[in-house]
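Colleague: Sequence:
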Amino acid sequence: MGMTNKDIDDGLTLLYLYQKKEVELLGTSLTFGNVTVSEVFHQSKTLKNIFNLDVKFYCGAEKHEFTNSPSDAAQFLIDSIKRYPNQVTILATGSLQNLADAGFFYPKFFEQVKEIFIMGGIFSPLKIKSHSVEELNLSIAPQASLRVLHSSAEITLISGQFLVNAPICRSTIRKYLGQHGSKESIWITNIVNQWMDFNLQTWDLDGFINWDGLTALCILEPQFFNFENAYIDTDETNIQQGRLKVVDAASGFGKCMNLVKGINNISELNKCIFKVIDSYFN
5 MGMTNKDIDD GLTLLYLYQK KEVELLGTSL TFGNVTVSEV FHQSKTLKNI
55 FNLDVKFYCG AEKHEFTNSP SDAAQFLIDS IKRYPNQVTI LATGSLQNLA
105 DAGFFYPKFF EQVKEIFIMG GIFSPLKIKS HSVEELNLSI APQASLRVLH
155 SSAEITLISG QFLVNAPICR STIRKYLGQH GSKESIWITN IVNQWMDFNL
205 QTWDLDGFIN WDGLTALCIL EPQFFNFENA YIDTDETNIQ QGRLKVVDAA
255 SGFGKCMNLV KGINNISELN KCIFKVIDSY FN
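The opening residue of the sequence shown carries number 5 in the numbering used here; numbering runs sequentially from there.
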């Protein structure tokens, strides 16, 4: 969050989770995506310092980086699962490389995770307005995605397919941000406005889609979501574009996952995060 023409929902999600008393935030594992791990770490420290967050960041391997030992992020995940077996819920909103590495270096990792909520994957071409959009989570580290999706972990999948029609509009931002004069409020308001301006120019969208935030809300506010158990399959070719498909349970293919198929009362759901973020300024 805060990088030019880069999405902001990851930072907003961290700010939201940090304020939720029912959440024990063990830490944040950082991974690559549209920027490097090093850049993510630098910007995460900026966010931490501005909002005085007491949270630890653990860097994962860079893209195409192979090591003989776990990265800090993978080791953090392993240590967390060993300390709290069958109690840890993981929110995965980017590359799944850190999870795959944790499973590689600790084979019992996936069976000892309580549940993994994954934001990513598409079942048909994804569009914002009339503009085609590439899938940028599962496709970023395709082999890692295959290992996680085919693992023994309990998985809830939140595809961008079912979030694309749930944008946060500019009027919601005006209501909850920009009403305070603190440096934190000014910083975050400027960043959100810049991102909405970029979306308007690029996608004709006067607002933004809170992909990661909605995935976090799926954990904490499940009553707003429609779930369906489905067998999900993919392969080495389709995962390159993040493509998934629902298959028949009797086919012998795919893995049974909890799939989000819809959202109830989108406007109220989107407000949930900004009501919480607004509390930083009161």
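Be aware that a few hints might be false.
Simulated restraints, written as ranges between beta carbons of each label pair [stated by the list, open to error]:
hint	residue 1	residue 2	range
1	T71	S175	45 to 51 angstroms
2	P129	D201	36 to 42 angstroms
3	G256	D208	40 to 46 angstroms
4	P226	P89	31 to 37 angstroms
5	G266	T71	36 to 42 angstroms
6	T206	Q244	21 to 27 angstroms
7	N230	D208	25 to 31 angstroms
Keeping only pairs whose Cα atoms sit at most 35 angstroms apart, straight-line, the calculated DSBU-like set for lysine-lysine is [as the list claims (entries may be wrong)]:
hint	residue 1	residue 2
8	K10	K60
9	K187	K24
10	K112	K179
11	K265	K60
12	K249	K52
13	K187	K279
14	K10	K179
15	K67	K259
16	K265	K279
17	K67	K249
18	K179	K67
19	K131	K67
20	K265	K187
21	K187	K86
22	K49	K179
23	K279	K112
24	K259	K179
25	K112	K131
26	K118	K259
27	K112	K86
28	K131	K86
29	K52	K25
30	K86	K67
Hints are computed from structural coordinates only; laboratory data are not their basis. Treat the numbers as computed from the prediction; the structure is a model and nothing was measured. Where a beta carbon is used, it is the ideal one built from N, C-alpha and C, also for glycine.
Colleague: If a hint holds in the structure, say so; if it does not, say that too.
Modeller: Here's how the hints hold up against the structure:
1. At roughly 47 angstroms, the beta carbons of T71 and S175 sit within the given window of 45 to 51 angstroms.
2. Look at P129 against D201: about 26 angstroms separates their beta carbons, and that is not inside 36 to 42 angstroms.
3. Taken as a hint, the range 40 to 46 angstroms holds for the pair G256 and D208, whose Cβ atoms sit roughly 43 angstroms apart.
4. A hinted range of 31 to 37 angstroms for the beta carbons of P226 and P89 is inconsistent with their spacing of about 23 angstroms.
5. In this structure the hint that G266 and T71 lie 36 to 42 angstroms apart at CB holds, the actual value being about 41 angstroms.
6. The hint said 21 to 27 angstroms for the Cβ distance between T206 and Q244, and at roughly 24 angstroms that hint holds.
7. Taken as a hint, the range 25 to 31 angstroms holds for the pair N230 and D208, whose Cβ atoms sit roughly 28 angstroms apart.
8. At roughly 22 angstroms between alpha-carbon atoms, K10 and K60 fall within 35 angstroms of each other, so this suggested pair holds.
9. For the given pair, K187 sits about 22 angstroms from K24 by alpha-carbon distance, which is consistent with the 35 angstroms threshold.
10. This hinted pair does not check out: K112 and K179 have alpha carbons roughly 46 angstroms apart, beyond 35 angstroms.
11. A distance of roughly 33 angstroms separates the Cα atoms of K265 and K60; the hinted pair therefore holds under the 35 angstroms criterion.
12. With a C-alpha separation of about 38 angstroms, the suggested pairing of K249 with K52 is violated against the 35 angstroms cut-off.
13. For a cut-off of 35 angstroms, the pair hint linking K187 to K279 stands: about 18 angstroms separates their Cα positions.
14. Among the hinted pairs, K10 with K179 is consistent with the structure: their alpha-carbon atoms are about 23 angstroms apart, no more than 35 angstroms.
15. Between K67 and K259 the alpha-carbon distance is near 26 angstroms, which keeps this suggested pair within the 35 angstroms criterion.
16. Our distance criterion of 35 angstroms between C-alpha atoms is met by K265 and K279, whose separation comes to about 25 angstroms.
17. At most 35 angstroms may separate the alpha-carbon atoms for a hinted pair to count; K67 and K249 meet this at roughly 26 angstroms.
18. For the hint linking K179 to K67, the alpha-carbon distance of about 39 angstroms lies beyond 35 angstroms, and the restraint is violated.
19. Note on K131 and K67: the hinted pairing holds, with a Cα-Cα distance of about 26 angstroms set against a maximum of 35 angstroms.
20. With a CA separation close to 39 angstroms, the supplied pair K265 and K187 exceeds the 35 angstroms bound.
21. Using a Cα cut-off of 35 angstroms, the hinted pair K187 and K86 is violated, with the two alpha carbons roughly 40 angstroms apart.
22. At most 35 angstroms may separate the alpha-carbon atoms for a hinted pair to count; K49 and K179 meet this at roughly 27 angstroms.
23. Between K279 and K112 the CA atoms are separated by roughly 39 angstroms; this puts the pair beyond 35 angstroms, and the hint is violated.
24. Restraint check for K259 and K179: the C-alpha separation of about 42 angstroms exceeds 35 angstroms, so the hint is violated.
25. A distance of roughly 38 angstroms separates the Cα atoms of K112 and K131; the hinted pair therefore is violated under the 35 angstroms criterion.
26. Of the supplied pair hints, the one linking K118 and K259 holds, its CA atoms being roughly 17 angstroms apart against a limit of 35 angstroms.
27. With a C-alpha separation of about 9 angstroms, the suggested pairing of K112 with K86 holds against the 35 angstroms cut-off.
28. Note on K131 and K86: the hinted pairing is violated, with a Cα-Cα distance of about 41 angstroms set against a maximum of 35 angstroms.
29. About 18 angstroms separates the Cα atoms of K52 and K25, which keeps this hinted pair within 35 angstroms; it holds.
30. Between the alpha carbons of K86 and K67 the distance comes to roughly 26 angstroms, so the proposed pair stays at or under 35 angstroms and holds.
Comparing the model with each numbered hint stated earlier shows that hints 2, 4, 10, 12, 18, 20, 21, 23, 24, 25, 28 do not hold.
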